[in-house]
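Here the protein sequences come in this chain order: A and B.
Start counting the first sequence at 1; every next residue gets the next number (our numbering).
Start counting the second sequence at 627; every next residue gets the next number (our numbering).
No lab work stands behind these hints, which were simulated from the structure alone.
Treat the hints with caution; some may be incorrect.
Some chain B residues judged to face chain A by a derived CB distance under 7 Å, without partners named [as the list claims (entries may be wrong)]: (1) A644; (2) V647; (3) L648; (4) L717; (5) A721; (6) L723; (7) K724.
Simulated DEER-style distance windows between Cβ atoms [to be verified]: (8) A:L609 <-> B:M630: 27 to 37 Å; (9) A:F620 <-> B:L723: 19 to 29 Å; (10) B:R676 <-> A:G592: 48 to 58 Å.
From the three backbone atoms N, C-alpha and C, an ideal C-beta is built for every residue, glycine too.
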Amino acid sequence: MLDLTWLLIAVPLASSFALLLAGKRADAWGHWLGVAASATTFVVGFGAFLQLLGLDAESREHAVHLFTWISGSELQLDAGLLVDPLSVTFVLLVSFVGTLIHLYSVAYMEHDPRRRVFFAYLNLFVAAMLLLVLADSYLLLFVGWEGVGLASYLLIGFWNHKPEYATAANKAFVVNRVGDVGLIVAMGLMFATFGSLGFEEVFAQVGEASTATLTAIGLTLLVAATGKSAQFPLQSWLGDAMAGPTPVSALIHAATMVTAGVYLIVRSSAIFDLTETARLVVAAVGALTLLLGAIIGMAKDDIKKALAASTMSQIGYMMLAAGLGPVGYAFAIFHLVTHGFFKAGMFLGAGSVMHGMKDQVDMRRFGALRTAMVVTWVTFGLGWLAILGVPPFAGFWSKDKIIESAFVGEGWQPWVFGLAALIGAGLTAFYMSRLFFMTFHGKARWTDDQHPHESPWLMTVPMILLAVGSAGLGWFLAAGDRFSTWLEPVTGHVEHHEPVLSVPVIMTLTLTLVAVGVVVAWLKYGRADVPTEAPAPSLATLTARNDFFQDSVNRAVFERPGTHLTRTLVYADAAVVDGAVNGTATGVSKLGESLRRFQSGQVRSYAALILIGLAGLVAFVVLGVL
Amino acid sequence: MSPMAFVYLAVVLFVIGAAAVLLRRNAIVAFMGVELMLNAANLALVAFSRIHGTIDGQVMAFFVMVVAAAEVVVGLAIIIAVFRARQTISLDEPAELKG
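Model the full assembly from the supplied sequences, consistent with the hints where possible.
Now the structure itself:
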């Protein structure tokens, strides 16, 4: 089974191309082909997982050689897959959640005339994402990295007949390219330093490189991660990315693709282990983003944008954990997995709500949906409890571990990072409860033509399965440190460190803050009436609602000067480069124009010219003049 | 009589021939000017041959005569062709090569 892992990429890719090439004749069954391809990846991935589980911990690493990709004098690169606990974890997450979301989409996209194309793109995404996590070199990873970017772009702009959706797709694409430059520079640095881009070769030689080089590589990798994972300062695209169909938001912009940045950091742990500076920056970016995302989430009225802000914040937690070094790697991935379940579940819940409410996304127009949509309410509720970190739901096991780890260390760092994580937990509780109460509790604020109803079973079954994961997965994986032990071959064994505050104190503080957040949200949005029009915002609310004016800042700092720069360059191009070329052409043309006069057609003037020429020649040869 | 006198005469004849080519509009007259220039050259060649005491110049004069004979054939044929086409032998009439 391990040698068949190439099927994980080949099957969805083939299915994607088949769906795109088959055209309308595949409209009737295309979506089921998409589901089947995704399900196949899960079966193969699960088989690989079982086989890996049967091996000793040390030998749980299997390299699959595919073909010689680049054979140059200096650069020898084979395309190969690396099957180890980390990649298999991702394979299971992507293929399982992916398959459920494929299933959900069958019903969700039922009335869309381009459903077949939608599934082709989803399959393309699955193939690219699996290539990303299975690649055994940075260059092959980059192929997957770009592939998921492409799929994300196509799916955000799936309804691109609306100009603002097309703009959102472009925005995501452009911001991601900024991050990609980081990865390209990182690869350049690696190749210059180590002469290779394969994980094995690079990680084997990290000890020989200078700390400055490693820091540079680490920071450029971080740039790549911030782009893909919507971390500060490249986070602005994620909110707009909600323009895509909701299953896309669930799969790509919550559960899998946006976590690729965390994967990149954890995969490069060998590099980050040796450079404390880069790690510190990673942790700082994570801490900042988790607060930023949480604050933005508190002010959003659009249910999907609130969830997007929450995703940003939760990935901030993962980044923070990854930046803590070996203490945090396993927890970063652990939270990534549990988050993949509960956030995907909640996005599907949001999709179900929209499905029943005629695509309404304004939470001020929801309310009291718990009676109309019981399954959605319960499954969303489980996800809500999970993200809050209420024991024994999934988030408790993963997020609390990150908060604990953030308090580990010396000097100012544990206090800053720990408090950020702690406050983040309280804010998370507030904005998620706000979202939950505004949607499912309180009074009904529906418009007259809305008749909320429960979604069909094809949509509820994936939600139920994900809710089961949200409820039980954390406990299941945390019991006996199962997950940390499983990842140990990749992340390394870590001795237990005592946080600066004792664990029970941290836990009590966290749960108290969470409780406060929930209570405040209940008082404000559960018990009290929610106005259907947003009240005049305070400065703080306005700031949060506008994503901290990130778009304006980007516009002022990058877009405007960039536009000016390009305009200047275009002008310089026209004036200098084109000017030189056109000037030469005009000169030659003018010269020809004046020479043309000699071609009078008059035989006698030709004869005179010949005579003058002859006289000139004679004068030159005989008399030596001229 | 100094052989140089023949060279001077040749120069005078050449200038008369050139003037005929440049100034006269009639193709036949211009053609005669060309012939005059060729023969001026012949005269100069023969004079040079005399001055240097070799026969190279005289040999070359024969070549010029042969070429001139051939050129007369071609030239007159062209003039006749032009006359047939345009009913005139003015040199200023055909100006299609004007750029």
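Any hints this thing doesn't respect? Which numbers, in order? none
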